[in-house]
Amino acid sequence: MNMSWTLVIWLSVGAYAFKMLGFVVVGSRTLPDVLSRCLMLIPAALLGAMVLNGTFTDAQSVVIDERAIGLLVAVVAAWRKLPLIVVVVLAAAVTALLRAI
Amino acid sequence: MKLRIEPDVRPVITSALALSGAVGVFALAFGVLAVGAGASVWQTCALSFFAFTGASQMSAMSIISTGGTVSAALGSGLLLAARNGVYGLALSPYFGESLGKRLLAAHFVIDETTAMMTAQTNPRLQKIAFWTTAIALFSLWNLGTLIGAVLGGSIDPHTYGLDVGFTAAYITMLVPHLRTKNGRIAAAAGGLLSVVLAPFLPVGLPILASGLAIFVGVKPQRDRVTA
Numbered sequence: 001m002n003m004s005w006t007l008v009i010w011l012s013v014g015a016y017a018f019k020m021l022g023f024v025v026v027g028s029r030t031l032p033d034v035l036s037r038c039l040m041l042i043p044a045a046l047l048g049a050m051v052l053n054g055t056f057t058d059a060q061s062v063v064i065d066e067r068a069i070g071l072l073v074a075v076v077a078a079w080r081k082l083p084l085i086v087v088v089v090l091a092a093a094v095t096a097l098l099r100a101i
Numbered sequence: 102m103k104l105r106i107e108p109d110v111r112p113v114i115t116s117a118l119a120l121s122g123a124v125g126v127f128a129l130a131f132g133v134l135a136v137g138a139g140a141s142v143w144q145t146c147a148l149s150f151f152a153f154t155g156a157s158q159m160s161a162m163s164i165i166s167t168g169g170t171v172s173a174a175l176g177s178g179l180l181l182a183a184r185n186g187v188y189g190l191a192l193s194p195y196f197g198e199s200l201g202k203r204l205l206a207a208h209f210v211i212d213e214t215t216a217m218m219t220a221q222t223n224p225r226l227q228k229i230a231f232w233t234t235a236i237a238l239f240s241l242w243n244l245g246t247l248i249g250a251v252l253g254g255s256i257d258p259h260t261y262g263l264d265v266g267f268t269a270a271y272i273t274m275l276v277p278h279l280r281t282k283n284g285r286i287a288a289a290a291g292g293l294l295s296v297v298l299a300p301f302l303p304v305g306l307p308i309l310a311s312g313l314a315i316f317v318g319v320k321p322q323r324d325r326v327t328a
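Taken in order, these protein sequences are the chains called A and B. Every letter in the first sequence is one number past the one before it in our numbering, and letter 6, counting from 1, is 6. Every letter in the second sequence is one number past the one before it in our numbering, and letter 141, counting from 1, is 242.
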């Protein structure tokens with residue numbers, strides 16, 4: 001795998017830089033509306049990508065397998081407002097079960 | 102020891118602790134994920150301590166775990182960290198002029214501290230909300246990470262369906278962003294892009310490319326927040 005201290009260090013430095021940028025450097029100035037609107041959509045876009053990419057791709061191919069059922073279980077559980085830990089355990093357990101049989 | 106807590110402070114502290122407890126569960130998941138992706142316990146703990154921004158850490162390690170490069174992982178992690186800059190802008194007026202205090206507080210500017218602080222109406226409670234959330238959440242985030250990382254070494258992620266467990270965690274993180282129309286469009290567009298582009302880009306880059314979906318925000322949204 002590609003894990004390295006380089007990633008740890010740069011992610012730490014970068015994350016702090018962003019936090020400080022708004023907090024210390026820019027101070028009490030404000031960003032243009034359109035820019036902050038777009039920036040605030042980053043989590044929606046990337047989390048959406050991590051959910052669908054994580055479910056329907058394997059390396060560079062598009063696939064449908066047990067993960068799709070696990071995803072469905074998670075969506076239903078989250079929609080029924082079950083606690084986080086229950087959503088996670090249910091989705092993992094159903095997937096593990098399907099993989100075992 | 103008996104702590105005397107003023108009545109108006111109590112709910113603030115209670116919700117800070119409840120929130121931090123829930124985040125601790127994510128931290129456990131992060132610890133397991135990171136170790137499963139090939140990180141050492143030290144690397145995993147260093148990320149939680151120094152980067153301290155959950156979704157960024159999770160996305161970076163997800164990309165590494167599927168075989169993506171360090172650059173792709175870093176790109177996606179930093180993209181997700183960028184919003185903390187916006188939070189900093191929003192919170193900045195609440196803090197005094199002391200540069201030292203600002204530099205310290207900056208490390209704790211994340212989704213949860215921002216939400217907790219801006220939910221309060223008077224400056225005294227705002228400060229209490231920020232710092233109790235910061236301290237409780239930082240402690241539990243790092244403790245959860247350590248436990249997850251230590252346990253994670255003995256778990257085979259595929260056999261136990263952990264990969265889908267993380268997807269489930271992302272879904273629960275995604276839910277609050279789906280309350281606005283733009284949020285829903287961005288999530289759907291980002292998700293589709295990341296699947297459609299998968300065959301054409303190296304692993305990890307489709308996640309980064311999904312960031313293009315944020316441009317739906319160029320158009321102001323008219324719908325009200327519903328929840």
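One should not assume that every hint holds.
[As the list claims (entries may be wrong)] Subject to a maximum C-alpha distance of 20 Å in a straight line, what follows is the list of computed DMTMM-like cross-link-like pairs (lysine to aspartate or glutamate):
1) B:K282 - A:D33
2) B:K228 - B:E213
3) B:K202 - B:D109
4) B:K228 - B:D212
5) B:K320 - A:D65
6) B:K228 - B:D257
I should point out that these hints are in silico values taken from the structure, not numbers from a laboratory.
Evaluated hints:
1. B:K282 - A:D33: 17 Å, holds
2. B:K228 - B:E213: Holds - the C-alpha atoms of E213 (chain B) and K228 (chain B) are around 14 Å apart, at most 20 Å.
3. B:K202 - B:D109: This hinted pair is violated, its Cα atoms lying about 25 Å apart.
4. B:K228 - B:D212: The hint holds at about 16 Å.
5. B:K320 - A:D65: 37 Å, violated
6. B:K228 - B:D257: 43 Å, violated
Checked against the numbered hints given earlier, the structure breaks hints 3, 5, 6 and satisfies all the rest.
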